[in-house]
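Chemist: Here are the chains, one letter per residue:
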Amino acid sequence: MTDTTPKGFTIPIGPQHPALKEPGHFRFTVDGEIVTRAYVRLGYAHRGIEKAAEERNYIQDLYLLERVCGICSHIHALAYSLAVEQLANVQAPPRAQAIRVLVAELERIHSHFLWMGVSAHEAGFDTLFMYSWRDREQVMDILESLTGNRVNYSANLLGGVKFDVGREQAAQILLSLDYLEERARHYLNVLSKDAMFLQRTRGIGVMTRAQAEVMGAVGPTARASNVPRDLRVTAPYAAYPEFPVKMILDDRGDLEARFEVRMHELFESIRVIRRILNEMPETELVARMPRRIPVGEAVVRLEAPRGEVFYYIRGDGTDKPERLKVRTPTICNLNSVVRLVVGHQLADVPMILAGIDPCFSCNDRMVQVEQAHNGTERTMTWSELRQHGIDFYSRSSR
Amino acid sequence: MSRPRPERLDVKVKEIKQLLPIIVGLRVKRLGYLSAIVGVDLGVEANEIEVIYYFCPESAVIALRVRVPRQGATLASLSDVIPSAEVFERELREMFGIEITGLHTTDHLYLPDDWPDGVYPLRRDFDSAAIAGAGEKV
Chain Z
1 MTDTTPKGFT IPIGPQHPAL KEPGHFRFTV DGEIVTRAYV RLGYAHRGIE KAAEERNYIQ
61 DLYLLERVCG ICSHIHALAY SLAVEQLANV QAPPRAQAIR VLVAELERIH SHFLWMGVSA
121 HEAGFDTLFM YSWRDREQVM DILESLTGNR VNYSANLLGG VKFDVGREQA AQILLSLDYL
181 EERARHYLNV LSKDAMFLQR TRGIGVMTRA QAEVMGAVGP TARASNVPRD LRVTAPYAAY
241 PEFPVKMILD DRGDLEARFE VRMHELFESI RVIRRILNEM PETELVARMP RRIPVGEAVV
301 RLEAPRGEVF YYIRGDGTDK PERLKVRTPT ICNLNSVVRL VVGHQLADVP MILAGIDPCF
361 SCNDRMVQVE QAHNGTERTM TWSELRQHGI DFYSRSSR
Chain F
399 MSRPRPERLD VKVKEIKQLL PIIVGLRVKR LGYLSAIVGV DLGVEANEIE VIYYFCPESA
459 VIALRVRVPR QGATLASLSD VIPSAEVFER ELREMFGIEI TGLHTTDHLY LPDDWPDGVY
519 PLRRDFDSAA IAGAGEKV
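Respectively, the protein sequence lines represent chains Z and F.
The numbering used here applies: residue 1 is where the first sequence begins, and numbers increase by one.
The numbering used here applies: residue 399 is where the second sequence begins, and numbers increase by one.
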């Protein structure tokens with residue numbers, strides 16, 4: 001490791017911890033309570049998916065790539081399908097595109113509810129964590145009733161989708177949406193009014209618009225800093241031209257803004273899903289794909305729950321892609337967060353990390369506190385660091 | 399290009415040293431943000447690696463393409479102009495073996511610390527036998 005010899009304490013966090021789709025390792029150098037330096041190391045769950053995709057055919061890759069992420073799996077399959085369709089010069093029928101957007105928005109609801117719970121947990125607000133995950137089951141049930149799976153829905157085919165949405169199913173979904181909307185309104189109220197919670201979010205982790213632009217932040221993290229980056233609006237794909245969404249922006253750039261942007265996005269998702277269910281175009285579900293995918297390059301950018309997903313595919317005329325590149329939103333946001341925590345209290349680190357919504361996979365994470373001067377070290381678990389944050393704020397609020 | 403699409407701009411940068419001024423220009427004009435850097439090994443015969451820098455202003459996509467030899471290639475880091483470039487460059491370095499000058503850290507980003515030197519997994523001629531037994535020592 002090259003960037004050692006720090007002054008003060010260096011606190012390694014992870015690798016078994018704050019998620020992404022891979023566990024990551026962070027090292028924070030602190031001067032007292034203030035973080036003076038941050039470092040990130042990834043790759044603990046590097047599975048070589050890009051290489052694996054080059055060795056499988058186009059059909060197999062659809063299933064492989066859906067497993068890039070367990071939370072936003074649909075968006076990866078969708079990005080891949082759209083890219084291959086672009087290479088083959090095929091357009092999926094309008095009903096298929098509408099169903100793709102329907103599932104993508106349901107996935108966004110499930111992802112945002114999940115994130116809200118995890119972030120609340122990091123702040124010590126476990127009641128909200130429990131409630132939001134209970135309500136998330138509603139959307140998981142919808143996804144299961146539509147696709148047969150709670151995760152890795154496998155909704156896409158090259159050229160279309162696998163299933164249709166019937167009238168009865170639509171009626172059932174609309175009922176669940178009413179419930180989810182009411183709950184989301186309640187949570188927004190709690191998150192924007194609860195004084196204890198606001199203490200953990202208001203004015204914390206502020207990222208200005210200029211910073212967000214330079215650091216390449218994407219998704220709700222960027223939009224909470226007033227950066228108008230939402231590909232559903234700026235570069236609509238699939239059925240978004242027919243079913244537009246509104247871009248949610250906030251100019252405060254702190255954690256509170258990141259919460260509110262995501263909550264307002266929930267209402268937008270619910271609104272769009274209702275419209276799709278009521279105005280679903282009547283067409284086929286699948287377009288015919290050629291057997292051979294022609295030579296060419298395709299770039300597809302989609303708006304995942306966490307931000308822009310970037311897919312690059314180069315076809316060489318065989319049944320396998322010559323090169324496939326996936327760039328997920330977390331890598332962009334991680335960049336910004338690693339710079340953002342510098343100057344903040346150590347106690348705020350869990351919240352700021354959670355604030356960008358890295359996919360949380362492991363809950364209990366090892367934190368090692370090592371004293372740089374004399375080499376002694378002390379080991380904390382992530383839950384102890386989290387507790388440290390909660391205690392720090394409950395002390396200071398007295 | 400066989401089937402051009404709207405809102406795509408494809409630029410072949412002939413000389414590597416022209417790349418940085420172009421990117422500084424994009425940055426100054428606030429033309430998009432760096433969405434990704436993609437490396438493509440063109441194979442042992444071509445003996446070149448194509449590096450594509452994708453800049454995305456709103457719905458458009460600007461691709462800057464530069465070709466480097468497979469052996470001894472060096473590119474200048476963009477991280478002083480665009481801090482977010484660093485992760486993509488570290489990836490390029492460890493996956494394709496392109497030396498990047500001006501990086502703040504040259505640690506592995508994705509690959510294990512004990513990954514053998516000179517083995518680049520996203521190259522065409524990567525042989526998994528080269529890493530047999532790696533990762534077993536703790």
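In short, the hints are calculated from the structure, not lab data.
Warning: the hint list may mix true and false statements.
[Unchecked claim] Dumping the calculated DSBU-like pairs for lysine-lysine here, alpha-carbon to alpha-carbon at most 35 Å:
#, chain 1, residue 1, chain 2, residue 2
1, Z, K320, Z, K162
2, Z, K246, F, K415
3, Z, K246, Z, K193
4, F, K412, Z, K246
5, F, K415, Z, K162
6, Z, K320, F, K412
7, Z, K246, Z, K162
8, Z, K320, Z, K51
9, F, K410, Z, K320
10, Z, K51, F, K415
11, Z, K162, Z, K51
12, F, K427, F, K410
13, F, K427, F, K412
14, F, K427, F, K415
Every value quoted in this text rests on a predicted model; they were computed, and no experiment measured them.
Chemist: Could you run down the list of hints and mark each one as holding or not?
Modeler: Hints, one by one, checked against the model:
1. Z:K320 / Z:K162: 22 Å, holds
2. Z:K246 / F:K415: 42 Å, violated
3. Z:K246 / Z:K193: 24 Å, holds
4. F:K412 / Z:K246: 41 Å, violated
5. F:K415 / Z:K162: 49 Å, violated
6. Z:K320 / F:K412: 29 Å, holds
7. Z:K246 / Z:K162: Holds - the C-alpha atoms of Z:K162 and Z:K246 are around 28 Å apart, at most 35 Å.
8. Z:K320 / Z:K51: 12 Å, holds
9. F:K410 / Z:K320: 26 Å, holds
10. Z:K51 / F:K415: 30 Å, holds
11. Z:K162 / Z:K51: 27 Å, holds
12. F:K427 / F:K410: Holds - the C-alpha atoms of F:K410 and F:K427 are around 20 Å apart, at most 35 Å.
13. F:K427 / F:K412: 22 Å, holds
14. F:K427 / F:K415: 20 Å, holds
Against the hints set out earlier in the document, violations occur for numbers 2, 4, 5.
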